[in-house]
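A.B. asks: In order, the protein sequence lines correspond to chains G and U. Everything in the first sequence is counted per this note's numbering, starting at 4 for the first residue and increasing by one. Everything in the second sequence is counted per this note's numbering, starting at 2 for the first residue and increasing by one.
It is worth saying that the hints were derived from the structure and are not from the lab. Heads up, a few of these hints could be off.
Stated by the list, open to error - Stretch by stretch, here's where chain U covers chain G in the computed footprint (C-beta under 8 Å, at least three residues):
{"no.": "1", "stretch": "109 to 117"}
{"no.": "2", "stretch": "201 to 209"}
{"no.": "3", "stretch": "216 to 226"}
{"no.": "4", "stretch": "233 to 245"}
Heads up, the beta-carbon is just placed ideally off N, CA and C, and yes, glycines get one too.
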Amino acid sequence: MRLEKGVISSSQLMFLVTGLIQGSALTVAFITKIAKQDIWLVVLSGLVISLFLALIYISLAQKFPSKNLIQINDIIYGPYVGKLISALYLYFFLLIIPANLRFIGDFSLTYLMPETPMSVILIMFMFICAWAVRKGIEVIARTSIILVVITIIISLFTFVLLLKDMQLTNFLPILELSLKDYIQSTHIMMAIPFGEVLVFFMVIPYVNNIKQAKSSVLLGLIIGGLTILSVTVKFIAVLGITSTIMTSPYFEAVRLIDIAGIITRLEILVAIGLLITVFLKVSIFYYATVLGIAQLLNLRSYLPLVLPIGIICISLSFFLYASPVEEVESAVSIWPIWSIPFELLFPLSSLLIAKIRRLPKKQGG
Amino acid sequence: MKNPIRLILIILVCLFCVLGTTSCWNRRELNDFAIVMGVGLDKPQQSTEDIQVTVQIAKPGGRKSANKEEGGGGSSKGYYNATTSGDTLFDTLRGFTHHVGRKLYYPHNEVIIFGREIAKEGVQPYIDFFARDHESRLSVWVFVAKDKASEIFDETPRLEKMPAQEIAKLVKAQSATSQTSTVRLVDFLTRLMSKTTSPIAPMIELSGEGNEKNIFVSGTAVFKKDKLVGQLDKIETRGLLWVIDKIKSGIIDVNSPSGHGKVSLEIIRAKSKITPEIIADKIHIKIEIKEEGNIGSQTSLENLALPPSIAALEKEKAAVIESEVMAALKKARKLNTDIFGFGDALHQKFPKEWKDLENSWDEIFPDLDVELIIEAKLSRTGRISSPAVPEQE
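Just need the whole structure built from these sequences, with the hints factored in.
C.D. replies: The following block contains the structure:
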């Protein structure tokens, strides 16, 4: 019995991974206060470390072809402990959705529509995501190609237009931050955008060519990482030290584009890029959550779960944080720690146990 | 039977989405806007309140008749100025609705002018609003008024429709002389956030009597932290711009090599670099300026298109640049304000040593050892090589 009948190609997988990473492009603002002008180094080292992390995930996924995270947990830890770990994972996925919704909501309220109630924005946003999830992974994968290409074009376009405002001295002095701050910010960078690749445990079984999945995930990770890198380079070079006090430095940097008084006020491009990539990110996590719950409860279809989970996520996004300030605080000091078991410990121990117990016993289970 | 219900549901859902995207929640029609072109901040003269704000509001209806020379009084102007006072900036700006009748709209604001008094007291409490408010932009030009900011907006615009536009144009035109600093809000904020570099802003003042009052930019206001402490004149301003690599164009007058008359040299391109060095615990700042220019005009009769004359002119030019930079340096030392960003340059190159210097920078800066290396080149003589005089033997 398969819950998902769709099949995606490995290049679509790459675009999905890229979109997932790009969806966090504006959350690098969380660490500008800690990392200051060295933020690009932090992004790079976070990317490099998470490539190794992704290798662990992929080798685990390739050991159990056409099995998703829930099934792998069942095989490795047995039906009871495995179900418990799976439930924890689903909770982890579920919490990421409201956090991103809240980010979108706060962004729109700060910059675009300050007087519109957040619920209106979030309900409409979640509605689109729910629609995509109901249509299955194939549809999300196909939209991802268009959306990611648009985001990359926006990123390159703003980069070229900002070239004349860039001052390379803003990057100096290099590596001024202390070792503690460096490790902390790299960890945040690893946990929030890059470590979330974990969610592809739920998607990889539907890739038609599992052998190529490795290179597509790594490539997607690199392209997404480079987009984030270009974002940080842009705002540090343009704004310098001022970027540390901005709630959304990338947006502010793009606001400064002024080519002969004609090409100005392009910041809406950034907002569009943010909306479409966060749509992808939320859809992927949303899909993983409902699929996982259906799998866990042995349902025949995940469709009945889509709307209830959506409603829970919208409500959670209001209760989770009292204010954007709290959101930043939690992203900086709580979330990275909370994600360690999910992003590092469980995959590692799964891999070890699989080695020791010589799993999977039969090829393909 | 199932299909019609499904269709109606889909249509309803689509309508819901379409209605949402019109963003009617924040609906503001164009004729409800009061488009702000400039904001001026002053100290109120009598009242006990903290701040007096003058805003210049575009009046689209009045702009058409602005060209006609009719004595229609205030109604023929394309703008009007409103003034009110209050305790905080945001509160005061919102208070304009008591007598303007429309909510002010800031995204088209072009200039922020600080009155002299308020600049002396410190601009920190007021700059925050402009950085925080979502309608305000970081690319708005910052000025300091020689006297009161409200007076600047009373100027009679000559080429533009509104004084605020004219002020913004002045900034863009400055590259022809490079004798005025151009400071966007983001540049001001960057300097304000630096531990050592002092913020600067162009100084603007009013000349003329009676109805015909005109603005002109007369130098650079120098801040220490957020407080106005002094002013650079035109020469010193260009000296500052040489160092911070902001020279675009300009004219340098030098004496003719023969001693009679003057030669005007045009700056075509200039580049500068600040290199701090620490030699035996002593800080040494090296400023390299590379300039390239043409001969623009000469009042003397001699032929300058000869290698010795060119060399002499280049030397003269380098001397003028050096004197301008030294003038700026002298003023900066007198005011004890690091307008050049030497502190930041040192920080960027010597992060470790900087930690000890940081707190005593005010004592170190006036006695800094500064070395100037100026390379001035003359490349072309223009359309004629020698002046239009009969050939001399």
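A.B. asks: Give a verdict on every hint.
C.D. replies: Hints, one by one, checked against the model:
Coverage of the stretch 109 to 117 of chain G by chain U holds in this model, with 4 residues showing a Cβ closer than 8 Å to a Cβ of that chain against a need of three. Given a C-beta distance limit of less than 8 Å, the hint that chain U covers the stretch 201 to 209 of chain G is violated, as 0 residues qualify and 3 are needed. Under the rule that three or more residues need a Cβ within less than 8 Å of chain U, the assignment of the stretch 216 to 226 of chain G is violated, with 0 such residues. Check on the stretch 233 to 245 of chain G: 4 of its residues sit with their Cβ under 8 Å from a Cβ of chain U, so the three-residue criterion for coverage holds.
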